[in-house]
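A.B. asks: Full structure from sequences and hints, please.
Numbered according to the UniProt record's numbering, the sequence shown spans residues 1 to 400.
Rather than coming from a laboratory, the hints here were simulated on the basis of the structure. On a predicted model such as this, the values are computed, not experimentally measured, just so you know. A virtual CB, placed ideally from N, CA and C, is assigned to each residue, including glycine. Possibly wrong hints are sitting among the right ones.
Stated by the list, open to error - Simulated restraints on C-beta separations:
| # | residue 1 | residue 2 | range |
| --- | --- | --- | --- |
| 1 | T239 | T164 | 38 to 46 Å |
| 2 | I291 | I265 | 33 to 41 Å |
| 3 | A218 | S285 | 15 to 23 Å |
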Amino acid sequence: MEKVRSSVCRMEEQQQEEQSSRFIVDRVDADVEMGVGNGDDGGADDDSPSNSIGQYTYVYDTRYAKSMGQLTREALPRAENYKDIMSFGDFRPTLDELHEGQFREKKAEKEEVVVQKKGKVIKFGWLEGVFMRCLLNIWGVMLFLRLSWVIGQAGIFEGLLIITLANVVTLVTAISMSAVSTNGQISAGGIYYMISRALGPGFGGAIGLMFTLANSIAVSMYIVGFCESLQDLLASYGTVLIDGATNDIRVVGIITLIGILVLAIVGMDWVTRFQMALLFVLIFSQIDFIIGTFWGPLDVEEQAKGFVGYSSEVLKQNWGPDYREFEGVQHDFFSVFAVFFPAVTGIVAGANLSGDLKDPGSAIPLGTLLAIAVTFVSYFGYAIMIGSCVLRDASGNVTE
1 MEKVRSSVCR
11 MEEQQQEEQS
21 SRFIVDRVDA
31 DVEMGVGNGD
41 DGGADDDSPS
51 NSIGQYTYVY
61 DTRYAKSMGQ
71 LTREALPRAE
81 NYKDIMSFGD
91 FRPTLDELHE
101 GQFREKKAEK
111 EEVVVQKKGK
121 VIKFGWLEGV
131 FMRCLLNIWG
141 VMLFLRLSWV
151 IGQAGIFEGL
161 LIITLANVVT
171 LVTAISMSAV
181 STNGQISAGG
191 IYYMISRALG
201 PGFGGAIGLM
211 FTLANSIAVS
221 MYIVGFCESL
231 QDLLASYGTV
241 LIDGATNDIR
251 VVGIITLIGI
261 LVLAIVGMDW
271 VTRFQMALLF
281 VLIFSQIDFI
291 IGTFWGPLDV
301 EEQAKGFVGY
311 SSEVLKQNWG
321 PDYREFEGVQ
331 HDFFSVFAVF
341 FPAVTGIVAG
351 ANLSGDLKDP
361 GSAIPLGTLL
371 AIAVTFVSYF
381 GYAIMIGSCV
391 LRDASGNVTE
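C.D. replies: Shown next as structure tokens:
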């Protein structure tokens with residue numbers, strides 16, 4: 001009876017092992033595996049239940065270590081590949097770094113050491129590095145010389161529409177630029193670097209070349225606008241440099257261009273200081289403009305030139321468009337939009353200094369978007385002010 005019971009138990013245990021096993025392997029004699037063949041009988045009888053249970057077992061033929069507490073045929077990764085000794089540029093993390101999540105912190109520490117070895121490196125925050133530079137590039141000659149012309153041609157309503165559409169274009173561009181700048185580490189290179197990383201070096205080089213040409217044209221436009229404003233200011237005091245015409249613009253423009261070149265050569269520290277002074281002058285001029293609109297005309301000559309102060313009648317007259325021919329060109333909505341659009345460009349002034357920023361990932365979006373918001377509000381308010389206190393047609397003759 002005992003032999004029958006042991007054989008029944010053996011059959012049931014074998015069936016359970018076959019059902020629980022996912023793989024079909026060759027059965028190996030337990031005596032051979034456990035060293036019985038070498039003379040060690042294990043101290044158990046052949047008919048004992050314990051020997052019958054351990055007589056057959058599953059063994060995987062593998063030359064590797066244990067993984068997850070089970071024998072396996074899969075080769076384990078070699079720990080030598082993850083050692084931080086003699087690795088290529090120390091870019092491969094160690095196992096401890098992968099488990100503890102300290103790889104990024106270690107990389108940041110190495111970058112700080114490299115920066116310290118270079119010597120004195122000036123890094124800017126979002127205020128002086130992005131916000132101020134964007135304001136200086138957006139507020140420019142178009143604000144003082146062409147905003148009033150836009151309101152005179154398009155009227156207050158369509159003028160505000162032009163300002164809004166132009167800022168929508170720059171806002172979408174700034175949001176895309178912010179997405180790229182926050183998607184990874186940003187180093188020196190500005191717009192070219194960000195576009196090359198996102199779209200490839202081919203697109204980055206092409207757009208970078210166009211951006212360089214656009215900046216060159218913008219510099220010439222700003223210099224000519226500065227020279228014309230200076231010429232009008234000198235003419236109001238009866239002063240003439242050479243002929244009071246084109247030659248004055250050429251001489252003053254060349255001198256201004258040389259001064260800008262020298263300022264760019266001396267370094268970013270002096271450029272930042274000079275731009276801060278220019279920003280205060282620019283803000284002061286706008287405050288003076290706002291106060292002047294509320295102050296009203298000082299004499300009859302200013303009234304003859306069209307400045308009559310705030311008036312609801314003037315607001316109604318200037319509300320609608322009145323597109324006219326100017327310098328041989330019949331203007332419409334899109335031509336006026338094309339003339340005004342350079343007044344909202346310059347949003348990449350801060351992104352171009354990505355290598356000189358402390359934290360480009362946060363400084364570029366914050367400074368750029370805030371600059372767009374401030375300039376949009378200022379343009380919007382100035383358009384309403386101009387359309388409410390200046391006549392569209394004025395001869396400048398006091399007797400009329």
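A.B. asks: Could you run down the list of hints and mark each one as holding or not?
C.D. replies: Going through the hints against the structure:
1. T239 to T164: 38 to 46 Å: Given about 40 Å between the Cβ atoms, the range holds.
2. I291 to I265: 33 to 41 Å: Because 38 Å falls inside the window, the suggested range holds.
3. A218 to S285: 15 to 23 Å: This hint holds: roughly 20 Å between Cβ atoms.
Hint compliance for this structure: every hint is met.
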